[in-house]
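So you can see what is in the structure, the chains are spelled out below.
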Amino acid sequence: MSGLLDRRFVVVTGKGGVGRSTAAVTLALAAGKAGKRTCVVELYGNRRIAQWFGLGDRSYKACSIAPNVDTMSLTAMDAMDDFGQRKLKLDALVRMVLNSRVTHAFVDAIPGLHDLVQLGKLENMLLEPLPGDAHYDLVIVDAPATGHGLTLLAAPQAMSELTKIGPFHELASIIARLLDDPKKSAVVLVTLPEELPVNEGIELALGLGDNQKLLHSVIMNQARPPSLPPVPAWDHIHALLSTAPDPDLRELLRVAEPFWRRQLSQEQALHRLKTLAELLNRQIPIAQLPKVEHGELSPDDLHILAEQLLPQVTT
Amino acid sequence: MTQVIVCCGAGGTGKTTTAAAIGVKLAIQGQRVAVLTIDPAKRLADALGLGSLDNDPKSVSLTELNARGTLHALMLDRKATFDAMVIAHSPNPDVAERLLANAYYQAVSTRLTGLHEYMATEKLQQLVESGLWDVVVLDTPPTQHAIDFFHAPERVGRLFEHGVLATLMTPARGLVGVATRRAVGLLERLAGESVLHDIAEFFRLISGLSEIIRSRNMQVHALLRSDRTRFYQVTAPALDACEEVEGFASLLREQGMRLEGLLVNRVTPVPQFTAPLVRERLPEAPLGVPDEEWDTMANALLALIPRAEARAQQHERAIVALKRSAHTEVWKLPELPAGVRTIDTLAGLGPHLPPLL
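Protein chains in written order, with this note's numbering: chain A, 1 to 315; chain B, 1001 to 1357.
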């Protein structure tokens, strides 16, 4: 996965429930440890990362969560206001119009505009920081679950299809330029060591269309070390215990079965993910984040995960 | 009267499989069931013995199960559903044709956030109206939060019904306030005139359907709040799901909807041994496996017991907390066994599911 941390803009995608936010923040912490000034951003006012780090209410402003690492929770309306101020040079009075009910209704009604202005804000942070703004080497986005993150990346295209001129069209072109450059941008796909999420992950990767070239690597979240010996051994175990007269031995088999299922799923999932490289005809490295066995993740857990991810993304 | 069962829950909890298992159980009991899934899960189609799923109900073979009823499955196609709605309710074919060709309609029907949820309720209504089904089981779209399923259709519904935009984009309607004129001016600057033209045309055309859209929205609103509809929330046996579960349960109650219970998915049962299982109680090495190798396997197996116990306890604790959060009945669904999913494995979940009707 070498080179990932040298990009400027990394979009972390994956289906709901696979641990996208975990992967995004872990990657950010790893980048921070590698000396990159990094901001990990949640969109649509989501605040999972902020909550993990005990940050208070809404933080449109970036907050530090570790040396070199900030987090920020963006909303479409904040990004729209920012767009009006920076790009359109609108004064406060006109921005009030931009914030009016009518304009909100309009923004709600234009597919992809919410995505677009938020991407625009991130592009600004990276490539056109104003005096006094923080300078980041890397911005990592936790893509929204809606449309599996595909709609976010398709937003510039959608806007150029709908508008042929005007600032929204220009904004779409600027973002398309950023996304068109695989030296600057990358997509990281997050998945789980199970059949269904992996198949969906592969579908997502293939659904990236023109953005397929951005797919840099896969993070397999909640990976576990094997707890049982491989296939022929399991067949022996199964044959022996399923016919055992002692009910406790049959119960042992029942206890062992889910562990075996998970182990087998993980092997098959890794195998399936390797076919992605064949489909795309290039290397798609797979990093693994180990499963944290106790419930809610703490900042310490995330730092430990980041230590484990770091060598995987730098070599 | 068709009954409706809605499976809600955050992504990754196993909603789609649960919805299918509910459908199988009801069909075995003798109901004519349609399961409407949202997720393009190839594996579900495989489990149901269907090559693929699309926007029209496909019959699932239940002959092995001695089912007294029937099961059909379909997968929501939001654009096809929207197109069907436009064609069915346009005042004349010309309006329908121009709507379908409108650039803004195309953008909305394929890309508008929330439209998926809106069209899920529209499709639900089409199924209920057909009178072909005793029960429709609805799987909900993969949103981050279960709540989005309710907010999104309302937002989209408002947009089509009477949105500020509808009046705003038809300047001929006379008096428009200064603020609105300013906003329109600004939007023209931002998006270009042609977009506003497309949008204006879209709203002018769709206004011909607005009466029917409004009445359908009211019907589905009432249906979801009537005693014909039951909601089940699918969740993982995890403590960190409590907040989501609690928020969703109270939202349903506020909305006057009927939350029937929590389906806690993939629960590890507590291991039940009659006496402590020690190495000596395990059989001799099977034929063809060297003693040493068997020793390693046996120890690996025994090491799983405390792990399974810890896992089961964790799940038990989570279930107690989840029940407290949701103030509702709880059903525990076991993890499905290894191997290929078939209609039999789905039927195997039946005894763990609530009575449903």
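Hint data in this document are derived by calculation from the structure and do not stem from the laboratory.
Using N, Cα and C, we set each Cβ at its ideal position, and we do this for glycine too.
Incorrect hints may have been included.
[As the list claims (entries may be wrong)] No more than 16 Å apart at the CA atoms, straight line, and that leaves these computed lysine to aspartate or glutamate pairs for EDC-like:
#1 A/K36 to A/D82
#2 A/K33 to A/E278
#3 A/K213 to A/E267
#4 A/K164 to B/D1083
#5 A/K164 to B/E1188
#6 A/K164 to B/E1193
#7 A/K87 to A/D137
#8 B/K1079 to B/D1046
#9 A/K87 to A/D6
[Claimed, not checked] So the derived list for chain B, only partly shown, Cβ under 10 Å to chain A, looks like this:
#10 I1028
#11 G1030
#12 G1049
#13 G1051
#14 P1093
#15 L1187
#16 I1213
#17 A1222
#18 D1240
#19 G1256
#20 R1281
#21 G1288
#22 A1300
#23 E1309
Hints, verified against the model:
As the CA atoms of A/K36 and A/D82 are separated by approximately 25 Å, the hinted pair breaks the 16 Å bound. Annotation: proposed proximity of A/K33 to A/E278 is violated, straight-line Cα distance about 32 Å (limit 16 Å). Restraint check for A/K213 and A/E267: not satisfied, since their Cα atoms lie roughly 26 Å apart, outside the 16 Å limit. Straight-line distance between C-alpha atoms of A/K164 and B/D1083 comes to about 25 Å, which puts the hinted pair past the 16 Å bound.
Simply put, A/K164 and B/E1188 have alpha-carbon atoms about 12 Å apart, close enough for the 16 Å limit, and the pair holds. Using a Cα cut-off of 16 Å, the hinted pair A/K164 and B/E1193 holds, with the two alpha carbons roughly 9 Å apart. Simply put, A/K87 and A/D137 have alpha-carbon atoms about 22 Å apart, too far for the 16 Å limit, and the pair is violated. Restraint check: the Cα-Cα separation between B/K1079 and B/D1046 comes to about 24 Å, which exceeds 16 Å; the hinted pair is violated.
Between A/K87 and A/D6 the alpha-carbon distance is near 27 Å, which puts this suggested pair outside the 16 Å criterion. Interface restraint check: B/I1028 against chain A, minimum CB-CB distance 24 Å, threshold 10 Å, status violated. The interface hint given for B/G1030 is violated, since its Cβ lies 30 Å from the closest Cβ of chain A, which is over the 10 Å cut-off. Taking 10 Å as the C-beta contact cut-off toward chain A, the hint placing B/G1049 at the interface is violated, the least distance being around 18 Å.
The interface hint given for B/G1051 is violated, since its Cβ lies 16 Å from the closest Cβ of chain A, which is over the 10 Å cut-off. Taken as an interface hint, B/P1093 does not check out: its beta carbon lies about 26 Å from the nearest beta carbon of chain A, beyond 10 Å. A cut of 10 Å between beta carbons decides the hint on B/L1187: the least distance to chain A is about 6 Å, and the hint holds. Below 10 Å, beta-carbon pairs count as interface contacts, and B/I1213 has none with chain A, the closest being about 15 Å; its hint is therefore violated.
Look at B/A1222: its Cβ only gets to about 25 Å from chain A, farther than 10 Å, so that hint breaks. Contact between B/D1240 and chain A, as hinted, is supported at the beta carbon level, the nearest pair being about 5 Å apart and thus within 10 Å. For B/G1256, the interface hint is violated, since its Cβ never comes within 10 Å of a Cβ in chain A; the closest pair sits about 26 Å apart. Proximity of B/R1281 to chain A holds as hinted, the smallest CB-CB distance being about 7 Å (cut-off 10 Å).
Interface hint at B/G1288: satisfied, since its Cβ lies 8 Å from the closest Cβ of chain A, which is below the 10 Å cut-off. With a cut of 10 Å, the hint placing B/A1300 at the interface with chain A holds, because the nearest CB-to-CB distance is about 5 Å. A distance limit of 10 Å between C-beta atoms decides the matter here; for B/E1309 the minimum to chain A is near 9 Å, and the interface restraint holds.
When each numbered hint is compared with the structure, violations occur for hints 1, 2, 3, 4, 7, 8, 9, 10, 11, 12, 13, 14, 16, 17, 19.
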